[in-house]
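Student: Going line by line, the protein sequences match chains E and A.
In this text, residue positions in the first sequence follow the working numbering: the first is 1, and each later residue adds one.
In this text, residue positions in the second sequence follow the working numbering: the first is 116, and each later residue adds one.
Rather than coming from a laboratory, the hints here were simulated on the basis of the structure.
We treat Cβ as the ideally placed atom computed from N, Cα and C, and that holds for glycine.
Among the hints, a few may not be true.
Over 10 Å on every C-beta distance to chain A, these chain E residues come out as not near it, computed from the model [claimed, not checked]:
1. Pro8
2. Leu11
3. Glu15
4. Gly16
5. Gly40
6. Gln41
7. Gly42
8. Leu45
9. Val52
10. Asn53
11. Gly102
12. Glu108
13. Thr113
Dumping the calculated DSS-like pairs for lysine-lysine here, alpha-carbon to alpha-carbon at most 25 Å [what the hints assert, rightly or not]:
14. A/Lys132 - A/Lys214
15. A/Lys226 - A/Lys132
16. E/Lys9 - E/Lys83
17. E/Lys70 - E/Lys14
18. A/Lys170 - A/Lys214
19. E/Lys57 - A/Lys214
20. A/Lys226 - A/Lys186
21. E/Lys70 - A/Lys214
22. A/Lys214 - E/Lys71
23. A/Lys132 - A/Lys118
24. E/Lys57 - A/Lys118
25. A/Lys172 - A/Lys132
Distance ranges between label pairs, derived from CB positions [said to hold, decoys possible]:
26. E/Gly2 - A/Ala194: 42 to 50 Å
27. E/Arg44 - A/Arg176: 27 to 35 Å
28. A/Arg176 - E/Gly2: 20 to 28 Å
29. E/Ser22 - A/His191: 32 to 40 Å
30. A/Gln196 - E/Gln17: 40 to 48 Å
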Amino acid sequence: DGGITQSPKYLFRKEGQNVTLSCEQNLNHDAMYWYRQDPGQGLRLIYYSQIVNDFQKGDIAEGYSVSREKKESFPLTVTSAQKNPTAFYLCASRLRRERGTGELFFGEGSRLTVL
Amino acid sequence: SQKIEQNSEALNIQEGKTATLTCNYTNYSPAYLQWYRQDPGRGPVFLLLIRENEKEKRKERLKVTFDTTLKQSLFHITASQPADSATYLCALDGAGGFKTIFGAGTRLFVKA
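Okay, chain E solo, but in the shape it has when bound (with noise of 0.2 Å):
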């Protein structure tokens, strides 16, 4: 079956520590983001992809950075310089706005902590 699989669902981290967030998708989608999501707010942009070896940042990139070798595979990594890195990260992927209609698939999402 098609799919978007993040790993690892729950990752914990000590404060200082970089980390790094796996995404994969069998679905031949062009594009992939990540957002993050904090309690009672919306799901904020960090960085996204339209193509291999190009990507852009969001809203809020300060503190994360991502590569794009593959075009199944989009890692996102919280480095230390995160200030408040305690949230859940959600990716995603979709076809290019011409081949497709726009709509998102999301993983299952990645909690983590920092103790």
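We have chain E; now place chain A onto it with these hints.
Tutor: Frame of chain E, contents of chain A only:
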């Protein structure tokens, strides 16, 4: 700055009634608007998309309206069921088509 507003208070309704959720936006000219459902601890799931030149879209018990003059969308669930209890998110896409921005969502509780 661009802003999407959804009712921050939870909506409580009785089973069988119609739930109506509101999404208002400012400083934005979306090419289309989407509604998603999110259950606790899960990723959002796409429900409906409506384009700027459409006034209404239906899918089974769901109906969405889009008024670009009022800068508002209404999301209706008819004959609501307890299984409809979830958070519903409104999302907008601009003409550029690359970024989707989300509202904070409205929590819906349907009582049996």
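Student: Which of the numbered hints are not met once you compare them with the structure shown?
Tutor: Violated: hints 5, 6, 7, 8, 11, 12, 14, 17, 20, 23 and 26.
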